Amino acid sequence: MLDNVPILSLITFAPLVGSLIVLLLPGQRSQWLRITAIAFTVIPLALTLWLFAAYEPSVGGAAYTEHETWLTIPLNKELLQGFESSQLRFDYHLTVDGISMPLVILTGIVSTMAALATVHIRKRWKTFYVLFLLLLTGIYGVFLSRDLVLFFIFFEVTLIPMFFLIGIWGYYGREKAATRFLVYNGLGSAAMLLSFLLLIATLGLSATDSQVIFSGNYDVLLANLTDPQAMANLTADQAGAAEFLLNDNMRWGAFVLLMIAFGIKVPIFPFHTWMLRVHTEAPPSIVMIHSGILLKMGVYGLIRFGAFLFPEQLHDWSTIIAILGVINILYGAIIACVQREFKLVLAYSSISHMGIVLLGIASLEEVGLQGAIYQSVSHGLISALLFLIVGSLYERTQTTQLDELGGLAKSMPFMSGILLVGGLASLGLPGLSGFVGEFLSFLGLFGSMKWITAIGVLGVLFAAIYVLRSILSITYGRTPEAFENMKDARFIEALPMIALAALIVLLGVYPSILTDLMQNGFNGLLEQLHTRVGG
Amino acid sequence: MTMLASYLTLAAVLFCVGLYGVLTKRNAIVVLLCIELMLNAVNLNLIAFSKYGVTPSLTGQIFSLFTMTVAAAEAAVGMAVLIVWYRNRATVNVDEFDELRG
Amino acid sequence: MSTSFAEYAWLVPVFPLAAFAILTAMGKGARKTGPWIGIIGTLASLVLSLCIAFERMTDNADDYSKSIEWLQVGSLKLSAGFEVTNLTSLMLVVVTLVSFLVNVYSQGYMRDDDRISTFFAYVALFTSSMLGLVLSDNLLTFYIFWELVGVCSFLLVGFWYHKPEAKAAAKKAFIVTRIGDLGLLIALLLLFWYMPDHALDFTTIHNVFSTPGGVISVGITTLIALLIFVGAVGKSGQFPLHTWLPDAMEGPTPISALIHAATMVAAGVFLVARTFPIFEASDAAMTTVAVIGAFTAIFAASIGLAQNDIKRILAYSTVSQLGYMMLALGVGSVSAAMFHLFTHAFFKALLFLGAGSVIHGAHTQDIREMGGLGKTMKITAWTFGIGALALSGIPPFAGFWSKDAILAAALDKNGILFAVGAIAAFFTALYMARLYFLVFAGKPKQDGHAHESPSVMTVPLIVLAILSVVAGFVDTPFKGWLGEWLTGEAPEHHGSGIVMVVSVAVGLLGIYIGWLVYVKGTVRRDAVSSRAPALVRTLERKYYIDELYDLLIVKPLRSFGKALQAFDDYIVDGVVRLAGYSTSALGRLNSRLQSGQVQTYALTALIGIVILALAIAGRRFW
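Residue numbers (the numbering used here), protein chains in the order written: chain A, 119 to 653; chain B, 4 to 105; chain C, 1067 to 1688.
It is possible that part of the hints are untrue.
[Unchecked claim] Okay, derived cross-link-like pairs now, SDA-like style, lysine to any residue, Cα gap no bigger than 20 Å in a straight line:
id, chain 1, residue 1, chain 2, residue 2
1, B, 28, C, 1666
2, A, 294, C, 1229
3, C, 1229, A, 241
[As the list claims (entries may be wrong)] Chain C stretches covered by chain A per the calculated footprint, using a threshold of three residues with CB under 8 Å from any CB of chain A:
id, segment
4, 1139-1148
5, 1230-1238
6, 1251-1263
7, 1324-1330
[To be verified] Just so you have them, the derived chain C footprint on chain B, three or more residues with Cβ under 8 Å:
id, segment
8, 5-16
9, 98-104
The set of hints was computed from the structure by calculation and includes no laboratory data. Keep in mind that this is a model prediction, so the values were computed, not measured. Virtual Cβ for every residue (Gly too), placed ideally from N, Cα, C.
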């Protein structure tokens, strides 16, 4: 039923349209602006759910592909004998498959919830919503695009709005946090660009009868990788053609650059400090997007480019990645145990949770990889929920210092209850979504690296410590007088809280809803691993 | 010494005198005059080559006319700037012209 | 075969779950109807469990199990299902019965609490999870419910959230048991990768490990067994992870009866019983279980001698009795362990509910401030007495038979284990005698406002008292069927004569000494504390275990966290700041060159040109 609808483009560009409409609205009407913005987050969400309903995991993403040539640049040089001309070609290529589908759904849900949470924004609504919606277009584009250049553009589109969203609407240290965000991610982008250029100039090679084409098309890259013979044939009797082949050193170079680029985003220790600032300084609704979705772009990039394009390199590095994952888990968790500020607890816990994702990726097993995606989605929902509550909490108490809070269960039983649910999900309680992701990741890695996994499992214990320590000191204990008469969540706040909590429970009780989507997502990679690395 | 060589030597001396003045003089007017000196050294070269060069032609002389015109215009603009500057700062000392300091 | 009740066993946990859902949806408003919803939910489960149990007793039916696919990843399938065996049906009855009685009791005990409906919702959720745990047919589902009961326990311990002690106790309960859960989780991962076909269901585990010279090496088997045992140690409050259980007494008393005496803490024992073939395949694991069990039994009992809080005494008693069960498992007798679990559930629930009734009447938990309550609280005193006798192992009460079975099994294996068990039994009798006489005998220390509890609280006491009397007869050495029914093997009864004499003797001796000290007064109360104050002090401080953990684990960990924090702030972030600083320093340095002196620029340019010219000229002559 979706055959004739360019649904992927609609999903991607609906927020952009919304952004333009917001531009046309008068800036003082905060209510109009808010409703428009929410509407244009709901539209892609609805489309995503429609896509979800129609998605057949067995067919994979093939059914939903939009592929047009976007721009071609003729190259004024005869590169290979026997071909009349050569050109550089960039495509407009969107596809959804088992790996991006869960993340697209996550984006739809979290962005809508974040839009609902923007009630705390108190100034310059118009600019805020324009940037907010622009950011969403970037995120959807990242998860859907299958052309390196297009991917890069969308990736950058997420950076700039984020910079302003942190820098204008954040808390006291907002400008520093924004700069730090931009510098780190800019470095990551530079590494990514370099790696992409390398890939386009080598693996991007394909030929028609008379033409040599260099393109950033992901499918071309993948095909050249899986069948290196075809490329070798093409360039076999050409003098100097070897420069178009990706030799081992270049492969390693490109791989390491990609690891750095996406490692900063995840973030992998020691590239994590920027993310702490963003967590503490950005406005809560933006942190929901940031922690809930943007970090997952790193995971997605690691899998989509790191794993799929460089299975051998990843295989060689799997121990290193697993160790980095364990460091992330324990380092984040132990530091989270001694924080005095709730937002920092959550920030360090994010580092810890992303470590589990790394373990899943390092396993190079289907269970682990699915676990990594599952954990990403689950962490996205959980941290969105927790920061949603932080936003509402801060609005009332004007503080998120743990020593200053306490006993809120008395005045705000509903929010305390939801906070507890979020915390329990975060510490990996079975029956809530956090457990499934953790369990699958551990299960996947345990097959190949028992000791590393066993050490990583310790993180679960620290998670219990920091979650209970912080949440109990917020909700339990004596209620300070100042907090006694505070109001519980309003309807507009309660709605996203209930929705997110319900999703967390749903994913915990019935994980098949997500794992079925990923059923065939990793087939290509696993095949590669078996044939090339030798299983 | 041929005629050309002596003209060129004179031009070189003139240019060096001008350059020395540009680099060392404090008074902006003197600096401006020294620039004129350098320009004139170039003019001298042009004319010398147009007369005694390998392929003598009028181009060099015409070119030197252009240069003089441009030099005059430049001197006018330069003087104007200096006058404005003097009105604001009451000085024409180039050491104090450091608005471009980083 | 026609449809049996066993096929509907999945409904047993569903009823309380539905009760939980309804109570949560109703919110705070349901103060009157809330308790009834909880009671009805557990009653439905109780009826169904009894039907299942009777069916199995009469028909001797086959085990029934059914599972659905929970999660499929590639070729790996993780399933969720339930299984009805004689063991699980026994546990179902125990859990639903105690839960039902506690529900009824709580209606009286919690009557004045603002959040009574929340309380009943938590209890319903706990009951549901516990029943799910009992019914699980594989280790993964078991683990899921295992964690859920843990979280319910946490919620209920911290039910009075405004009390700082309750907050600390809840946190401690969750974190300490989580240490054990880690062991279980790793065991689960190990099993998953070593079992043929990644099977995790108990039937396959049973088959694989029962085969001699099986597919899994002894080393791995021992490792798995020990890790599972770590889980059991955490949940069942065995040494060295026992510290949370006494603290958990900060929760409402009915919760102590339900969760921390009868059901959840016994889950560790149940887990070991359920995975018993793994333990049997490894001698080292069996020895560990037996030694830890025996040590915990005597260790906790000795602490119980010197405590003054009525609930804490009972808590240490619970730890000690769970040690007995572990001892039974360690010496290879599942039936004795389950038998003791069964009887203990009744008499310990009775004791806790009785203690609740006492607290309700006397408004204090310190036994030194009580006395003479036997006169005003007749029903409580009588039923409590029955429970105390059952715990002390005096025939014909239930505890005697089950403890006797354990001691007999221990003697069969190892004399030392038996001796330790017997001494622990003596301690048990002594601290119960002390507790009972201090609370119920003597003169009232208060102004006589202690009163008997309402019938909604005393009726459950009476029911449990009756059960504490009769429950032992299901498996006496003379005519027993429980052991055979549970394990399918004919029970072995041997050496019971000596064991019986010894156990009755130590029990009576303990009570007699207690009577001499606390009623008759022939021995002064401070007879021991005046002669060996250090010993008594050590017992009162629970061997300083909490302090030790604080010193050895909590404090170093906190300092380590602080150190890491500093590392993060100054080294990791410092490198970044340094990079940023050095970049801008370089920028400042370069901007110094930009003096704005046009003449300097021109001079520099001139020098540059000269150098270039020289270089070009020099190249000529090179």
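Exercise. Three or more residues of the segment 1139-1148 of chain C near chain A by CB distance under 8 Å?
Worked result: Result for this restraint: holds, n = 3.
For this session: State whether the coverage of the segment 98-104 of chain B by chain C holds or is violated, taking the criterion as 3 or more residues with Cβ-Cβ distances under 8 Å.
Result: Coverage by chain C holds here, the residue count being 6 at a Cβ distance below 8 Å.
Exercise. Are the Cα positions of residue 1229/C and residue 241/A separated by 20 Å at most?
Worked result: The given pair, whose Cα atoms are some 41 Å apart, is violated under the 20 Å limit.
Exercise. Holds or violated: the segment 1324-1330 of chain C covered by chain A, criterion of 3 or more residues with Cβ-Cβ distance under 8 Å?
Worked result: Since three or more residues must qualify, the claim that chain A covers the segment 1324-1330 of chain C is violated, with 0 doing so at under 8 Å.
Problem set entry | Outcome, coverage hint (the segment 5-16 of chain B, chain C; C-beta under 8 Å; three residues) | Violated, because only 0 residues of the segment 5-16 of chain B bring their Cβ atoms closer than 8 Å to Cβ atoms of chain C.
Exercise. Under the criterion that the straight-line Cα-Cα distance not exceed 20 Å, is the pair residue 294/A, residue 1229/C satisfied?
Worked result: violated (41 Å)
Exercise. Are three or more residues of the segment 1230-1238 of chain C within 8 Å, CB to CB, of chain A?
Worked result: Since 5 is at least three, the answer is holds.
Problem set entry | Cβ contact check, 8 Å cutoff: the segment 1251-1263 of chain C against chain A, three residues minimum | holds (count 6)
Exercise. Are the Cα positions of residue 28/B and residue 1666/C separated by 20 Å at most?
Worked result: holds (12 Å)
In summary, the numbered hints that this structure violates are 2, 3, 7, 8.
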